[in-house]
Structures are given as structure tokens and as C-alpha cells.
Amino acid sequence: MVLLQLLCNGIVTGCALGMVALSFSLIYATTRIFHVAHAGIYSLGGYLVWSLATRGVPLPLAVPLGVAACAAAGALIQNQLYRRLERRRATHLVVLIASLGLLAMIQNLLAAIYKPDVLQFSETWGNGVVSVKGIILTRTQLLTVVAGVAVYGLVMAFAHRTTLGRRVRAVASNAFLAEITRLEPSAVYVQVVAIASAIVALPGVLVGLDLGLQPYNGITILLTATIAMIAGGVGSMSGAFVLSIAIAVLQNLSLLVMPGEWSIGVTFFIFVVFMLVRPRGLFAR
Amino acid sequence: MNFLYSYLVLAEIYALTSLSTNLLVGIVGIFSVSQAAVFGVGAYIVAALTMGDLADFVPALLVAALACIALNVLVALPSLRVAGDYFVVTSFGIQLLATAVFTNWTDATGGANGLPGIPPPVIFGQPVSSTRDFLLLASAALALGCLCFWLLMRAPFGRLLRAIREDELAVAAAGKRVLRAKVGAAAVAGAFAGVGGGLYAAFLSFIDPSPFDLDASVLLVTMVVVGGARTLAGSIVGPFLLLGLPQALNFLAIPTTVAGAARQFLYGALLVAFMLFRPQGLVGQRL
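In the order they appear, the protein sequences are chains A and B.
The letter at position 283 of the first sequence is residue 283 when you use the numbering used here, and the numbering goes up by one with no holes.
The letter at position 139 of the second sequence is residue 139 when you use the numbering used here, and the numbering goes up by one with no holes.
One chain only, chain A, in its complex shape (with noise of 0.2 angstroms):
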């Protein structure tokens, strides 16, 4: 019983995680930007929604609101820094030096303005239980499964069947050919981590939701949703959400044997093991 509530558990964080994995998946794939600002994204995305929760507004006004903010951040990023950076040549390096400096200054705006100690909702809609066969799961937690499935299908959806996620998978598998036949790479970009930042500030808000906020906490998340990525394979989106699943659940499992502080820790073996293994990830193209 304990062994099928952890599962569900390890399904339920999965779903956050792989929007968070998808969402970098995008913007990795198609820029070739390290983006770790990514987090600031998703801890803003959680912040922004409070913000507008506690003034009165209700959550399914503030939460298209909070995803519409995270997108002009996160196009503002791309068009004010990275391009910047771009059109003075700067190397990989300093692209992602800036990238975490960009990630400290959002965190710690966060926590100078809100306070860095755990922030809950005061919504309660959320924390009502549903309980099957004696699993208990919170609305909140059905939601993020819901949230998840959706997005990784009109991610899918979107790279496949429409002409902006045809132009993004042909720029991001030749930039410099999607540049000679008119693609407009640039244009592309910003657009890609617009969408990206829409995504994330999902899981930031339904997270915060489910646990609270926390400015500092996004880094952790972004760290396992990058290994997700590569475990799954880069520029594949199915491998990095079905291993963000699979990552979820074996850290939910690994609290039978062991103190959930040490989960980080699990996490980096399963890494470790895959850069060992098979370091192009399972489904590498």
C-alpha cells in the first residue's frame, strides 16, 4: 500500500518535473542555450500567481495571467540578453555565466520582496482529498497529472502539426540552413523560450500549490529535469518526460530506504550511471 502511494507520489511530482524538462528540453534543443535563468521562470511563475491570489483575483484568471507574464519575461530574456549576447559573438562561456547571474538576480528579487522562508496558498480548493482503494491524492495532485499529460500532448502536438513547430524543429536541427532559406532563427528564438517560459510557470504554480513557494528551490528542480533531459536523450521530448517520471518515482522509492534529504543524491547517481552507460540518453537520436 505505502509502495503504491509512493508510486502515485513519484507519478504526481513526475508530471511537474516533466513540464519543467520539456519546457528546457525546448529552448536546449532549439538554441543551444544552457538556459539556468529557466528556474528564476519557474519560481517567478508561482510568486506572480500568490501575488494575484492573495489581491483578490481568482486562480483560473491569475494563473493564464502569471503564464502570460512568464512569457514576456522569458522573450524579454531571449531579445535582451541572449541575442545581445549573440550579436557580440560571446562564447558558450559567458552566455552561461550571464544565464546565472540572470538566475541570481530573479531569486533573490523573489526573495527580497516576498519572504525566502516557505509561502502557502490560501486557496483550499486545492488540499480537498480524493481518495481510491485507499490512495490518497490532493485535487491539486490530480490537476499537476492532468497538467502534465496535456502539455507533453500539445507540445507533440505543436512540433508536429503546426508551422511555427515545424520552423522551430527546422531551425533547431540547422540554424544555419533555417537562416539561408528565410526561417529567421532569431525570431524563432524568441519565440521558443516565450513558449518555454509559458510552460514552466505551470509546474511553478501548481508545485506552489501543492507544497508552497520557495524563491530558492527552482535550481534543485531544473537540475533534475536537465538530467531527465539527457537521460532521455537530447532533443528528444518523449524521453525527457517519460524519465522525469521515471526519475520521480525512483526518488519516491528511494524514501523506504532512505531520508528524503538524501534525494538529491539519488538523483545525481542515476546521472552519474547514464553518463557512465549511455551517455546520448535512451532515446538519442
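FYI, nobody ran anything at the bench for these hints, they're computed from the structure.
Accuracy of the hints is not assured; some may be wrong.
Label-pair restraints from in silico Cβ distances [claimed, not checked]:
id, chain 1, residue 1, chain 2, residue 2, range
1, A, Q120, B, P255, 20 to 26 angstroms
2, A, G212, B, G84, 30 to 36 angstroms
3, B, R154, A, L7, 54 to 60 angstroms
4, B, A170, A, R182, 30 to 36 angstroms
5, A, Q80, B, A170, 49 to 55 angstroms
6, A, M156, B, G175, 42 to 48 angstroms
7, A, R84, B, D56, 36 to 42 angstroms
8, B, R177, A, R89, 26 to 32 angstroms
9, B, D133, A, Q80, 35 to 41 angstroms
10, B, Q285, A, G165, 39 to 45 angstroms
Using N, Cα and C, we set each Cβ at its ideal position, and we do this for glycine too.
Starting from the known structure of chain A, arrange chain B on it as the hints suggest.
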């Protein structure tokens, strides 16, 4: 006067550790945010050995340096073997894992409460207890570190490392072993950070996990970036400037509850601004 001395000692210790970050990030061009973790491992090892009367200060420092070399080599080997951003993930992972160990392995590290009462170092039978004496010790250590760094950069090994930064493929094509050189650089970086950590523990006589977390790693990268990557002078200018900064911030009326966040926000802003407008830092070379 004592206040000035302790500022100088800390700046010198951070300069020694910045040399380690500079070697990886500046010279070889490997992004690393786990330097504070290595620094912390050095600090906790020296603390444990000298507090338990298992070793004197100098042998303890040597053990710490060796352990940090081993740690860096173990971390670098699997991730540098494969190309791409694997080392980025590894260094974030090591940093978060180290913070988890420092905070949760309460028996050895004292957990979040930290380890108080680390004895002052004893050099040639003389205890170094006053801040002034410690300034001499730290200066000697920094001078030795700078000498090693300078000699290393003049040596063929230093040229090889800089060549890797410029064009890894060309170096490999010339028959040099790129992986071995990178792991070698990581080992030397480990030694610098380990010694720096040991001095830090002995100087403050109290350590807890906070100076060894991700924020501290960001600070170390900021020091190198602001001072200037790839040069010896940069690694010294950066720490002296950035450690003075919190004192300058005290003159602004920032409430104490947000002072830490404000300081860390400033480091992030400095990183972004320098990358955009002056990637070579104050006295460095192009990153």
C-alpha cells in the same frame, strides 16, 4: 585595525580560492559552480582533523588538499569524457549534493548548527592565534599559490590548457591528450580550493554550511569575472573588491532582513553586466 586585518585575511583566502575558479573557468574555459563545495570539503576536513587531535594543522591541510584533488578528479573524469554540457550539470549536482551532506550529515559536520571551536593553526610549534599572525600565514599561502599559478602558466602544461580553450579540436589533432590535461587542471583547482577552505576554517574557528552553498559558488565566479578571467591579477583584484562591497552596502539603509538577498542580487547583476559590457573584467583577458 583588527577589522582591517580580518578583511585582508578573508580576501587573501578568497583570492587563493579564486585562483582555483580562474584556472577552470578562465584558463580552460570549463563552467563550474562547485568551487564552494570543494572549498567546504577542505574546510570540514581540516576542522575534523584538528578538532579531533588527529593531525596538526599542516598535515591536515595536506590531507584536505589531497582529498579535494581526488574529489575534483572523480567529478571531472566521467563528465569531461563526454562532450557537451555534462560538466555543467555535474557541477550543479555536486554543489547541491555537498550542501545536502554539510547540512544533513550531522554527526560529522554539526549540521546547520555548524562546528564551533576549531583550534588555531600551529606552525613549527608556534600557535597562530592573533589576527596579525594569521595575516602573515595567509599572505604566505597566497604568495605560494600565486607562485605556483604563475609557474604553471609558464610551463608547457599551462600553454596546453590555454590552447584547449582556444581550439580543443586542434589540440587533439596535434596529438595532445585533452581529457588528461582538463582533469589535471581540475586536480590543481581542487588543491587550491582545498587549502583555501582549510585556512578559512582555521581562521574563523567556526564553520557552518552557508559559506559553502550555491550562492557562495556564484560569488566565487563573480570574483573571477569582475576581477578579470585568465590573469593572476584578476583573481586578486576580484576578491578584494567584492569582499569590500558588503561593507559599502552597509552605508545604504537596507533592512537587515533583505540584506543577504540584496547582496546576492548585486552579484548576479554584476555577472550579467560584465558579460554584456566587459567580458574581460577589470584586469583580465577576453573570456
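Comparing the hints with the structure gives:
1. A/Q120 x B/P255: 20 to 26 angstroms: Since the Cβ atoms of A/Q120 and B/P255 sit about 23 angstroms apart, the hinted range of 20 to 26 angstroms holds.
2. A/G212 x B/G84: 30 to 36 angstroms: holds (35 angstroms)
3. B/R154 x A/L7: 54 to 60 angstroms: Between B/R154 and A/L7, where Cβ atoms are some 59 angstroms apart, the hint holds.
4. B/A170 x A/R182: 30 to 36 angstroms: Given about 34 angstroms between the Cβ atoms, the range holds.
5. A/Q80 x B/A170: 49 to 55 angstroms: violated (34 angstroms)
6. A/M156 x B/G175: 42 to 48 angstroms: holds (46 angstroms)
7. A/R84 x B/D56: 36 to 42 angstroms: violated (53 angstroms)
8. B/R177 x A/R89: 26 to 32 angstroms: Distance hint for B/R177, A/R89 holds at roughly 29 angstroms.
9. B/D133 x A/Q80: 35 to 41 angstroms: violated (51 angstroms)
10. B/Q285 x A/G165: 39 to 45 angstroms: holds (42 angstroms)
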